[in-house]
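A.B. asks: The residues making up each chain are set out below.
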Amino acid sequence: MRRPFGLAMFLLLVLTLGVVIAEAQTKEETLVYALQSDVDSWDPPNSVQRTAIILGYNVFNHLAERDLKTMKVGPSLAVAWKALDDTTWEVSLRKGVRFHDGSPFTARDVKATFDRVLDPEKKLTARGNHAKIKGVEIVDDHTVRFKTDGPYPLFEERLTAQVMQSEKVIKDKGHDWMQEHPVGTGPYKLVKWTRKQEHLLVRNDDYWGTKPAFKYVRIRVIPEMATQIAELISGGVDIIKAVPPDQMDVIDKSGQARTSTAPILRTAFLQMDQAGRSGPSPFQDVRVRKAANLAVDMDAIIKHVLNGLGDRVATSVNPMAFGFDTGLKPYKQDIAQAKKLLAEAGFPNGLDFRFRTGLSTVEPGVSQTNEAIIADLAKAGLRAKQSLIGETSPYVAQVKEGKAGPMFNWSWGYYSIFDADAILHDVFKCGETYSYYCNKQLDDLIHAGRSTLDPKKRAETYAKAQKILYDDAAYMFKWGLRGVWGISNRANYAAPRDEIDRMYIVTRRAS
Amino acid sequence: MTALAPREVALEGPRPAEAVPSARVVSLRRLWRLKWGVAAAGVMALIVASAVLAPWIAPHDPLQVNIRHRLGPPAWLPGGTAAHPLGTDQVGRDLLSRVIYGGQVSLLVGVCAVLVSATLGVLLGLAAGYFGGRLDWLIMTLVNVMLTFPFVLLALAVIAVLGPSLVNMIAVLGAAGWPIYTRVIRAETLSIRERDFVVAARALGLGHSRLVFRQIFPNLVSPIVVVATLQVAQVIVLESFLSFLGLGVQPPTPAWGNMLGEGRVYMLNSWWIAAFPGLAIFCTTLVINLMGNALRDWLDPHLKL
Amino acid sequence: MKRYLGRQVVQLVVVIIGISVLSFAILNVIGDPVLLMVPETAPKEEHERIRKLLGLDRPLYEQYWKFASRAIQGDFGRSWYGDMPAFRLVMERMPPTLYLTFAGLGVALAIAIPLGVVAALRRHSIVDNLCTVLAVGGQAMPIFWLGIMLIIIFAVRLQVLPASGYGTWQHFLMPSFTLGAFLAPITMRLVRSGIIEVMSMEYIKTARAKGVGERLVVVKHAFRNACIPVVTVIGLQFGQLLGGAIVTETVFAWPGVATLTVEAIRTQDFPVVQCAVVLLAVVIVVVNLAVDTIVGFIDPRIRVQA
Chain X
3 MRRPFGLAMF
13 LLLVLTLGVV
23 IAEAQTKEET
33 LVYALQSDVD
43 SWDPPNSVQR
53 TAIILGYNVF
63 NHLAERDLKT
73 MKVGPSLAVA
83 WKALDDTTWE
93 VSLRKGVRFH
103 DGSPFTARDV
113 KATFDRVLDP
123 EKKLTARGNH
133 AKIKGVEIVD
143 DHTVRFKTDG
153 PYPLFEERLT
163 AQVMQSEKVI
173 KDKGHDWMQE
183 HPVGTGPYKL
193 VKWTRKQEHL
203 LVRNDDYWGT
213 KPAFKYVRIR
223 VIPEMATQIA
233 ELISGGVDII
243 KAVPPDQMDV
253 IDKSGQARTS
263 TAPILRTAFL
273 QMDQAGRSGP
283 SPFQDVRVRK
293 AANLAVDMDA
303 IIKHVLNGLG
313 DRVATSVNPM
323 AFGFDTGLKP
333 YKQDIAQAKK
343 LLAEAGFPNG
353 LDFRFRTGLS
363 TVEPGVSQTN
373 EAIIADLAKA
383 GLRAKQSLIG
393 ETSPYVAQVK
403 EGKAGPMFNW
413 SWGYYSIFDA
423 DAILHDVFKC
433 GETYSYYCNK
443 QLDDLIHAGR
453 STLDPKKRAE
463 TYAKAQKILY
473 DDAAYMFKWG
483 LRGVWGISNR
493 ANYAAPRDEI
503 DRMYIVTRRA
513 S
Chain P
-16 MTALAPREVA
-6 LEGPRPAEAV
4 PSARVVSLRR
14 LWRLKWGVAA
24 AGVMALIVAS
34 AVLAPWIAPH
44 DPLQVNIRHR
54 LGPPAWLPGG
64 TAAHPLGTDQ
74 VGRDLLSRVI
84 YGGQVSLLVG
94 VCAVLVSATL
104 GVLLGLAAGY
114 FGGRLDWLIM
124 TLVNVMLTFP
134 FVLLALAVIA
144 VLGPSLVNMI
154 AVLGAAGWPI
164 YTRVIRAETL
174 SIRERDFVVA
184 ARALGLGHSR
194 LVFRQIFPNL
204 VSPIVVVATL
214 QVAQVIVLES
224 FLSFLGLGVQ
234 PPTPAWGNML
244 GEGRVYMLNS
254 WWIAAFPGLA
264 IFCTTLVINL
274 MGNALRDWLD
284 PHLKL
Chain G
24 MKRYLGRQVV
34 QLVVVIIGIS
44 VLSFAILNVI
54 GDPVLLMVPE
64 TAPKEEHERI
74 RKLLGLDRPL
84 YEQYWKFASR
94 AIQGDFGRSW
104 YGDMPAFRLV
114 MERMPPTLYL
124 TFAGLGVALA
134 IAIPLGVVAA
144 LRRHSIVDNL
154 CTVLAVGGQA
164 MPIFWLGIML
174 IIIFAVRLQV
184 LPASGYGTWQ
194 HFLMPSFTLG
204 AFLAPITMRL
214 VRSGIIEVMS
224 MEYIKTARAK
234 GVGERLVVVK
244 HAFRNACIPV
254 VTVIGLQFGQ
264 LLGGAIVTET
274 VFAWPGVATL
284 TVEAIRTQDF
294 PVVQCAVVLL
304 AVVIVVVNLA
314 VDTIVGFIDP
324 RIRVQA
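Protein chains in written order, with my numbering: chain X, 3 to 513; chain P, -16 to 288; chain G, 24 to 329.
No wet-lab data here; the hints were simulated from the structure.
Positions of the beta carbon are idealized from the N, C-alpha and C atoms, including for glycine.
Keep in mind that a hint or two might mislead.
[Unchecked claim] With a straight-line Cα cutoff of 25 Å, these simulated SDA-like cross-link-like pairs (lysine to any residue) come out: (1) X/Lys194 to G/Ala230; (2) X/Lys442 to X/Lys469; (3) X/Lys387 to P/Leu251; (4) X/Lys194 to G/Val159; (5) X/Lys74 to X/Ser43; (6) X/Lys255 to G/Ile176; (7) X/Lys255 to P/Gly62; (8) X/Lys255 to P/Pro234; (9) X/Lys29 to G/Arg180.
[To be verified] Distance ranges between label pairs, derived from CB positions: (10) P/Arg51 to X/Asn351: 25 to 33 Å; (11) X/Lys255 to G/Ser223: 56 to 64 Å; (12) P/Trp120 to G/Leu83: 19 to 27 Å; (13) X/Gln258 to P/Ser205: 34 to 42 Å; (14) G/Gln34 to X/Gly278: 56 to 64 Å.
[Said to hold, decoys possible] Not everything, but these chain X residues come out facing chain G in the computed CB check (under 8 Å): (15) Lys173; (16) Gly176; (17) His177; (18) Arg222; (19) Ile224; (20) Thr229; (21) Ala380.
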């Protein structure tokens, strides 16, 4: 009511807040990591999000772990494994490991974890990944046997893809509790989770492996990439990922941070609705699909729009994945041929269609590359009308429900499994949730590839599969991504090729 | 009365004997006092002209993608060319052309939305002020409800349901902006209703609608014009905010708001992509506000706005 | 006083009901929630089944009644994406929004009141003209533009303030300044016109005639009474202030209700949108009530008049 009143209120408010919201940990001991969107839960098998996988790596352990230098799978919670026969694998577990709640890690936990994931009633999203495992038997406290449904060549790779959860927690606390309270064996523990805002992790001082250098990890949810970059170069955040190639110079010139790039497993492509999942589509005709692939000059787009940060591929199989066919050359731009094919298919004046696109959280620069693609397609008469879906969850939901046709932008991270099967099965097999392609020959090859443990035979099978994808122009093929990370100068870290940010390996940089 | 402040003495003192100035001089003097408004009106005319004549004055096609020339700086910076005076955007489209064409969207949305709001608002205000009673109460309650609540949130919620598009935006912004007209018009109607000429007309047996439209309405034109002008600026800013959020006009159609949104991530290196649309929004809004204020000072200084 | 307050409460309850009807109408009448949950290609029986499940086949007033009666108990359904009760989600984010709004209000008043008073007392002086320029310019400035510029200057170039986020008083500075700058122009003009009006009143002349010093006249008599229009305006502007807060929150990644609502709108998470709209309306209404009470205390005429 008096002039000083407003001022006094403001000062009081500010002071109170300053006192109440005091930082419990110092900046020096805290590593800050930025995410563009928050996870829905801390139960990794219950989520398809890449961020859930990444966070899971920091709080849980898997049976096996990938060595980032050799890219080979090595021991973690499992110290050794061997195939007893075509359908049985025996795994020896590490001794002396405890969960964050103090209970010891034993074979019972392995069995409980897999039983839960494989249970059709529970409907966990990870079930599809491990469907080849029929069951887990306990041999003794530190040995288990996996029974598989036929030969399972991806067994070793998949050991890196399931976190080990506590039997006690699964039985006593139940599913809902587990969504917010992760109890793992990993290098960090979750202290606090403020939804859609931030997570606070603290070092696990009883960790069985190398203890992390930073005592605390603060994971901040910052939706705008522009803000993340601003925070990085002003010292508010230490590690950001999926930096758009156009912004690399800002970070590199700042003197506070630097960029680090690496080819990653993630491969980008445009799915065309060959299977007709969203209704009849012009892309059911192979000539139209070929025309689309011939219309676009992908190499120029990589060069000019991504500043060279992309590896052109002939199909969606990534060069780093097992089974990649080096002999297959990608489509070269040929607008005249594209127009000819369209005319043959019955579209002498071209055609109009809807093109669904999403955000650039996993594929930086995607809106610019899509604009370039649309421009090239239009030159051949394929007029795309862009339909931007501004949030990831509804976009993914539309794709899963089969509503995303006739063409939409997509990319696949392979769940960090470096094998052609990891993409062929989920994205090209007829009837799979994320697949808009249906080809019996391909399905047979996919099945064959999974059914033998002989790498030579598998490589041949996958070469045949890639030829089919190429000749049939299954989708519009783009490139393997090069991930760009922004790292502050006080942290020693480099871009991880499997797209997983391990906070526990980050050390302080000597200045 | 020596304790009076000096300026009050001037008002109450005797009038100096001077010739009454001619009508022409008086109106020119008035125009000079409103010089800012006149200048603003001139600039506004330029803006409207450039939007209307866009196909002829824009140097390039605003939708033409050219990835080899993307992120080109404005002509006066190293690396810039005269072909693209304001530079190019993230896929190589000419920025100047896009800014010019963007004006089309902003002005279209501004004018149409305000027309919708004004029509709705004035009709309801007339009804409330003229007929009074329960109708008045009902309408004013609705007005209070809508005025209490932030314009922005309502607009966002409706767009969420209808989906983003030019037509939806005009509909939403139009439907959300009527209450202010109603309030103003109702007040004016109430005061005019009791004036002699209206009472006389009723006594003569003039019907309602004739009364309203012939007698009352002409007096309302000034407040309507002032409110409408100021509201165009508000709508333009709101439209740009919605487009900035991705809920308005969709790319690649150039609109100042979505250009700002797309350019935001480039603020630290290719700053021109966001700077020029932002400048366009600022200038247009400024100019419209100046015009509106001048109109108000000229037509109806007692309007409480 | 009691009658006056009683009248105000009734009016404001009406407003809350109105907002809830509006919110319900927008989401259930204009949109079709069923189409959002089930693909268009699904068989008709599936559509009908979901419709029955959600109770959407009941007449509208019945649906509204169900919605309203649940809402009063705080049950707005569960968020479709977060799998949490919508009410809890919105309430968690309410404090940051409220802190920001009040801080912004504080900044706006701190700017507008001194400037407005000076401009009113020294009409047509340089200060007055400057204020007019600032007011018009300030009103034209898109607030999100201002926010982004501030981040670039203070966080990136000068590195004295954090670029985004929430937690310390430094995090408050730029967002509250941005919001304050949004409201300051119009508040300043209203203060100015309020003071001008009051200064020309009879009792001011009387005070001067009595020989009271100019300063005392201004502070004791004029300002006190000019507060009435200012406080009233604050009440009216609170809704606009919240609107400005929405924009500010988006730019500064402020963890408030506004960013939650925008995200919910994008993900089409309707229970959250509905809940946020209604709860914000309640906040606005409560503030308006508080303002009306204060005004009623200051100015007895209003109590009697209304």
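A.B. asks: Would you mind marking each hint as holding or not holding in the structure?
C.D. replies: Here is what the structure says about each hint:
no. : hint                             : result
1   : X/Lys194 to G/Ala230             : violated, 62 Å
2   : X/Lys442 to X/Lys469             : holds, 14 Å
3   : X/Lys387 to P/Leu251             : violated, 31 Å
4   : X/Lys194 to G/Val159             : violated, 46 Å
5   : X/Lys74 to X/Ser43               : violated, 29 Å
6   : X/Lys255 to G/Ile176             : holds, 17 Å
7   : X/Lys255 to P/Gly62              : holds, 19 Å
8   : X/Lys255 to P/Pro234             : violated, 31 Å
9   : X/Lys29 to G/Arg180              : holds, 21 Å
10  : P/Arg51 to X/Asn351: 25 to 33 Å  : holds, 28 Å
11  : X/Lys255 to G/Ser223: 56 to 64 Å : holds, 59 Å
12  : P/Trp120 to G/Leu83: 19 to 27 Å  : holds, 24 Å
13  : X/Gln258 to P/Ser205: 34 to 42 Å : violated, 57 Å
14  : G/Gln34 to X/Gly278: 56 to 64 Å  : holds, 58 Å
15  : Lys173                           : violated, 22 Å
16  : Gly176                           : violated, 15 Å
17  : His177                           : violated, 11 Å
18  : Arg222                           : holds, 7 Å
19  : Ile224                           : holds, 5 Å
20  : Thr229                           : holds, 5 Å
21  : Ala380                           : violated, 28 Å
In summary, the numbered hints that this structure violates are 1, 3, 4, 5, 8, 13, 15, 16, 17, 21.
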